[in-house]
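Enquirer: Letter by letter, the chains look like this.
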Amino acid sequence: MEFFERFAVPHASPMIYASMVAIALVSIGIVVGITYFKKWGYLWREWFTTVDHKKIGIMYLISALLMLFRGGADAILMRAQLSAPEMKLLDAQHYNEIFTTHGVVMIIFMAMPFIFAFMNLIVPLQIGARDVAFPRLNALSFWLFFAGAMLFNISFVVGGSPDAGWTSYFPLAGNDFSTSVGTNYYMIAIQISGIGSLMTGINMITTILKMRAPGMTLMKMPMFTWSAFIANVIIVFAFPVLTIALLMGTTDRLFGTNFFTTTNGGMDMLWANFFWVWGHPEVYILILPAFGIYSEVISTFSSRNLYGYKSMVGSMVLISLLSFLVWTHHFFTMGQGALTNSIFSITTMAIAVPTGVKIFNWLFTMYKGKIRFTVPMLYSLGFIPLFTVGGVTGVMLAMSAADYQFHNTMFLVAHFHNTIIPGVVFAMLAGLTYYWPKFFGFMLNEKIGKITFWLLTVGFVLAFFPMYITGLDGQARRMYTYSEATGFAPLNMLSFVGAALMAIGFVTIVYNIYYSFKNSPRDIGSDPWDARSLEWATHTPVPEYNFARVPQVASSEAFWDMKKKGHQLFKGEIKDIHMPNNSGVPFVMGIIFFIAGFSFIFAMWVPAVIALIGIFVCMALRSFEQDHGRHIHVKEIKEIEAQYGEVPGNENRSHTTTRV
Amino acid sequence: MKIKWALLVSLTSLAAILAGCEPLLVLDPKGPQAARQAGDISLLIVLMAFIVIAVLTILVIVLFKYRASKMPDDYEPPHIEGNIWVEVICIGIPIIIVAFLSFVSVKSNYIVESAPTGYEEEPLVIYASSSDWKWHFSYPEQNIETVNYLYIPTDRPLEFKLYSYGPITSFWIPQLGGQKYAMADMVTTLHLAADEPGEMLGRNANFSGKGFAENRFNVTAMSQKDFDEWVEEVHETADPLTEEEFNRLLEPGHLGQMTFTGTHLDFSPAPEHDHGSDADEHEEHSTHDETNEESDHSGH
Chain Y
1 MEFFERFAVP
11 HASPMIYASM
21 VAIALVSIGI
31 VVGITYFKKW
41 GYLWREWFTT
51 VDHKKIGIMY
61 LISALLMLFR
71 GGADAILMRA
81 QLSAPEMKLL
91 DAQHYNEIFT
101 THGVVMIIFM
111 AMPFIFAFMN
121 LIVPLQIGAR
131 DVAFPRLNAL
141 SFWLFFAGAM
151 LFNISFVVGG
161 SPDAGWTSYF
171 PLAGNDFSTS
181 VGTNYYMIAI
191 QISGIGSLMT
201 GINMITTILK
211 MRAPGMTLMK
221 MPMFTWSAFI
231 ANVIIVFAFP
241 VLTIALLMGT
251 TDRLFGTNFF
261 TTTNGGMDML
271 WANFFWVWGH
281 PEVYILILPA
291 FGIYSEVIST
301 FSSRNLYGYK
311 SMVGSMVLIS
321 LLSFLVWTHH
331 FFTMGQGALT
341 NSIFSITTMA
351 IAVPTGVKIF
361 NWLFTMYKGK
371 IRFTVPMLYS
381 LGFIPLFTVG
391 GVTGVMLAMS
401 AADYQFHNTM
411 FLVAHFHNTI
421 IPGVVFAMLA
431 GLTYYWPKFF
441 GFMLNEKIGK
451 ITFWLLTVGF
461 VLAFFPMYIT
471 GLDGQARRMY
481 TYSEATGFAP
491 LNMLSFVGAA
501 LMAIGFVTIV
511 YNIYYSFKNS
521 PRDIGSDPWD
531 ARSLEWATHT
541 PVPEYNFARV
551 PQVASSEAFW
561 DMKKKGHQLF
571 KGEIKDIHMP
581 NNSGVPFVMG
591 IIFFIAGFSF
601 IFAMWVPAVI
611 ALIGIFVCMA
621 LRSFEQDHGR
631 HIHVKEIKEI
641 EAQYGEVPGN
651 ENRSHTTTRV
Chain V
1001 MKIKWALLVS
1011 LTSLAAILAG
1021 CEPLLVLDPK
1031 GPQAARQAGD
1041 ISLLIVLMAF
1051 IVIAVLTILV
1061 IVLFKYRASK
1071 MPDDYEPPHI
1081 EGNIWVEVIC
1091 IGIPIIIVAF
1101 LSFVSVKSNY
1111 IVESAPTGYE
1121 EEPLVIYASS
1131 SDWKWHFSYP
1141 EQNIETVNYL
1151 YIPTDRPLEF
1161 KLYSYGPITS
1171 FWIPQLGGQK
1181 YAMADMVTTL
1191 HLAADEPGEM
1201 LGRNANFSGK
1211 GFAENRFNVT
1221 AMSQKDFDEW
1231 VEEVHETADP
1241 LTEEEFNRLL
1251 EPGHLGQMTF
1261 TGTHLDFSPA
1271 PEHDHGSDAD
1281 EHEEHSTHDE
1291 TNEESDHSGH
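Sequence lines, in order, name chains Y and V. Going by our numbering, the first sequence opens with residue 1, and the numbers climb by one from there. Going by our numbering, the second sequence opens with residue 1001, and the numbers climb by one from there.
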């Protein structure tokens, strides 16, 4: 009996039981539905075994949207709990679990897959490649991320959620103070998806360095590719730190080592240092691709080339270097003394310089342009002032002496949401709207999209700006309740109203997808936005092989050159195209990793060892496997190309579809 | 007309809410350290508001001037690579701002990390330790210990020695000055001082588990004379703190305010081995290296 007790939720409430039932019903519903419509074969052939970067990108996209709603549900519960003093909606334990999972889900399982979605979808197209450098590894990355995400999400119905904050500082996260399996979930689930992220990093760097179209030198890469490249370089340097920190944390919890304990020579501050040596570069891993998307969108809808291309690249390189030199600013108050704090205060503020350069460059990109207020552009325009507020409050936090007052307060919470929501989330929604037609063949409704934008923007301002004030008034973060006497109540109610508006905004996105799927016209051509870079030079939706002929590039705006300057993008005859074969191994490995992770979380050593052996067997099999891929022959390519009924390279339709 | 009035009323009421009936705690300092921090924060708010307004103004002008609906249909935006002078200005202005703020930041760091100056008396040393979810304040000089409340004399520097009997916590009295972590395996030092008598809020600001929200304490600042009277009164009325009693206090949970004579430092000393926080150690008279530390201990 004792064995089974571990799987029970230690802190059950009606809400959790309701979620259990809902999860069970939805899972059964999905399985029954797929079986009824006989879609298992289709799913297996087209999705589970795919190595196509576009399909993997779409799977990342769907996962990210799902996780957005999971994390969003956490968020609205938190705001509701704090909307009035002494609320009884959640108790302390439940609130602690919810803010912990909110943070982890939003950063690791929402923002990361969102940027991986766009890297997968866009980077190979922007550089004129047929796929990423290691397509099967790419599939494995996705399935590891997915296994990690699922593992993390079952925590609140099996065994209990982590409750030590998304930063999980030791000793609070150690066995002495976190006795449930919750923090094991944290350690193992992030570890599994982190391995996937690291492999994506290596994969993308190789792709960008080795597979660019002829003529595309590094300084002729479109800006999103540049941002993806630098973000992946940061991934490769930062994620190993997380891997080791999580491993040490896991052994502390499962095998009684003393890396982060406060006795026997352990150092609890070591965890905080490791965590933020990864954690601070992590926020730049998220924001740089977002900057890349804004660069593409602002340039397209201003009908102008990106201003200051070189300084854009230079500032990103500088940001990537500085991102590794600022981690201590997350704990100025740990008592390192004035000298250490001064150094990290200056390095942190220095990041404002390259970031400021980028803001000015976007403004100058619009200068003398012809600005169209489409939905992706609205997000970019909302981003500029809101992110500036987030940036300058970042400078305020970087003043270490003043940070003694900001630290651990709602001021800090307001700041990082102020950078992540207008910075990353708006970029992802801009990218979603902007690239949607490329992959799905129809546009999202502009009218609903604009309603979404305004709901999110107004909701954001109402939800987070009051926190700057309550923070300065002494409201610490992560408090599940407060008394009437504190005077925090009116502003927290305002925050709740804002959060509710944002929730409605996110629901309208889903409605927009549904509405547009039913009503949007399908004859949109391959260039509905009058765009500039290479990803728009192929058909919509994109064929499996991306480009029938490899493009010849002369500038960072190859497609624009073709449209306006008569640059000949596609030369020569169509030849056979070499493509990778599908494989079910990554999917299977994802499942085995899930089993291994689950076994480790509950310290079930027999299945854990068997699953680990299974992982190594899969890797060994792969190394003995002879798979040379396959060829798509000229005849087949010509048939596919004929179906699109247009010849890219001689296309004039784009001029008539520019008005949006 | 009605809409206009409604708008005006809602705007003024919003402004009233935002301005608050009372000043925000952090911007209402009662001691020199908090005053320095409040000064820095006010400076930052003004400077940063200026930057935000500048960016917003440029954005609005550009959007207004170059929106497509205003442009002729055949307008083709020019290709502009970038201009070295424009970029020098764009880099130069942020560098000047950051350099200025770095200067302010470094100066403030050294001020808040050292004992407040301008006081005649030696700092009063108070050991503040946290346990789930309470604060224990030991006054070695007065040989007194309190739980969840803090009495301090005004016009005298205060030197808080912080450590924890559990998770990392953060000792924070917003009106006296910013916070610092209390950890289980080292002692950190926070220098504060109070300039006027009064009641203040203090709390643990760093999440430490289930009882975190209620992990607060009351701070009362009073004249040295009143403080001395209080000390005397405690010695007359309070029970001595035994090791057994202290261990009971450490049990997780919440306690009200308590007062004892004697401190727990005698039987459960603070973890004062040097964990290498050189910068502040050199500045102060106390722990410098192992030998000094030992003598410091016996000095209590």
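Treat the hints as calculated values from the structure; they're not laboratory data. Treat the hints with caution; some may be incorrect.
To be verified - Here are the in silico distance ranges between beta carbons for each label pair:
no.: 1; chain 1: V; residue 1: Phe1100; chain 2: Y; residue 2: Phe373; range: 34 to 44 angstroms
no.: 2; chain 1: V; residue 1: His1079; chain 2: Y; residue 2: Lys447; range: 28 to 38 angstroms
no.: 3; chain 1: Y; residue 1: Lys518; chain 2: V; residue 2: Pro1023; range: 32 to 42 angstroms
no.: 4; chain 1: V; residue 1: Thr1220; chain 2: Y; residue 2: Ile76; range: 36 to 46 angstroms
Claimed, not checked - In silico SDA-like links for lysine to any residue, alpha-carbon gap of 25 angstroms or less:
no.: 5; chain 1: V; residue 1: Lys1210; chain 2: Y; residue 2: Met87
no.: 6; chain 1: Y; residue 1: Lys571; chain 2: Y; residue 2: His631
no.: 7; chain 1: Y; residue 1: Lys210; chain 2: Y; residue 2: Pro580
no.: 8; chain 1: V; residue 1: Lys1210; chain 2: Y; residue 2: Thr340
no.: 9; chain 1: Y; residue 1: Lys565; chain 2: V; residue 2: Tyr1075
no.: 10; chain 1: V; residue 1: Lys1210; chain 2: Y; residue 2: Ala92
no.: 11; chain 1: V; residue 1: Lys1065; chain 2: Y; residue 2: Phe373
no.: 12; chain 1: Y; residue 1: Lys370; chain 2: V; residue 2: Ala1213
no.: 13; chain 1: V; residue 1: Lys1065; chain 2: V; residue 2: Ile1053
no.: 14; chain 1: V; residue 1: Lys1070; chain 2: Y; residue 2: Leu363
no.: 15; chain 1: Y; residue 1: Lys88; chain 2: V; residue 2: Thr1117
no.: 16; chain 1: Y; residue 1: Lys310; chain 2: V; residue 2: Ile1084
no.: 17; chain 1: Y; residue 1: Lys220; chain 2: V; residue 2: Glu1087
no.: 18; chain 1: Y; residue 1: Lys368; chain 2: V; residue 2: Tyr1075
no.: 19; chain 1: Y; residue 1: Lys220; chain 2: V; residue 2: Ile1058
no.: 20; chain 1: Y; residue 1: Lys564; chain 2: V; residue 2: Lys1210
no.: 21; chain 1: Y; residue 1: Lys368; chain 2: V; residue 2: Lys1210
no.: 22; chain 1: Y; residue 1: Lys565; chain 2: V; residue 2: Ile1058
no.: 23; chain 1: Y; residue 1: Lys310; chain 2: V; residue 2: Glu1214
no.: 24; chain 1: Y; residue 1: Lys368; chain 2: V; residue 2: Asp1073
no.: 25; chain 1: Y; residue 1: Lys565; chain 2: V; residue 2: Glu1076
no.: 26; chain 1: V; residue 1: Lys1065; chain 2: V; residue 2: Glu1087
no.: 27; chain 1: Y; residue 1: Lys564; chain 2: V; residue 2: Leu1059
no.: 28; chain 1: Y; residue 1: Lys564; chain 2: V; residue 2: Lys1070
What the hints assert, rightly or not - Chain V stretches covered by chain Y per the calculated footprint, using a threshold of three residues with CB under 8 angstroms from any CB of chain Y:
no.: 29; stretch: 1040-1051
no.: 30; stretch: 1138-1147
no.: 31; stretch: 1151-1161
no.: 32; stretch: 1172-1186
no.: 33; stretch: 1192-1200
no.: 34; stretch: 1259-1266
Nothing here was measured: the structure is a model prediction, and the numbers come from that model. In this text, a Cβ means the ideal position worked out from N, Cα and C, and glycines have one as well.
Enquirer: Each hint needs a verdict: does it hold in this structure or not?
Expert: For each hint, the structure was consulted:
no., hint, in the structure
1, Phe1100(V) / Phe373(Y): 34 to 44 angstroms, "holds, 37 angstroms"
2, His1079(V) / Lys447(Y): 28 to 38 angstroms, "holds, 33 angstroms"
3, Lys518(Y) / Pro1023(V): 32 to 42 angstroms, "violated, 55 angstroms"
4, Thr1220(V) / Ile76(Y): 36 to 46 angstroms, "holds, 40 angstroms"
5, Lys1210(V) / Met87(Y), "holds, 16 angstroms"
6, Lys571(Y) / His631(Y), "holds, 21 angstroms"
7, Lys210(Y) / Pro580(Y), "holds, 17 angstroms"
8, Lys1210(V) / Thr340(Y), "violated, 32 angstroms"
9, Lys565(Y) / Tyr1075(V), "holds, 16 angstroms"
10, Lys1210(V) / Ala92(Y), "holds, 6 angstroms"
11, Lys1065(V) / Phe373(Y), "holds, 13 angstroms"
12, Lys370(Y) / Ala1213(V), "violated, 53 angstroms"
13, Lys1065(V) / Ile1053(V), "holds, 18 angstroms"
14, Lys1070(V) / Leu363(Y), "holds, 18 angstroms"
15, Lys88(Y) / Thr1117(V), "violated, 47 angstroms"
16, Lys310(Y) / Ile1084(V), "holds, 11 angstroms"
17, Lys220(Y) / Glu1087(V), "holds, 20 angstroms"
18, Lys368(Y) / Tyr1075(V), "holds, 10 angstroms"
19, Lys220(Y) / Ile1058(V), "violated, 29 angstroms"
20, Lys564(Y) / Lys1210(V), "violated, 64 angstroms"
21, Lys368(Y) / Lys1210(V), "violated, 57 angstroms"
22, Lys565(Y) / Ile1058(V), "violated, 32 angstroms"
23, Lys310(Y) / Glu1214(V), "violated, 53 angstroms"
24, Lys368(Y) / Asp1073(V), "holds, 14 angstroms"
25, Lys565(Y) / Glu1076(V), "holds, 13 angstroms"
26, Lys1065(V) / Glu1087(V), "holds, 22 angstroms"
27, Lys564(Y) / Leu1059(V), "violated, 28 angstroms"
28, Lys564(Y) / Lys1070(V), "holds, 23 angstroms"
29, 1040-1051, "holds (count 6)"
30, 1138-1147, "violated (count 0)"
31, 1151-1161, "violated (count 0)"
32, 1172-1186, "holds (count 11)"
33, 1192-1200, "violated (count 0)"
34, 1259-1266, "violated (count 0)"
Checked against the numbered hints above, the structure breaks hints 3, 8, 12, 15, 19, 20, 21, 22, 23, 27, 30, 31, 33, 34 and satisfies the rest.
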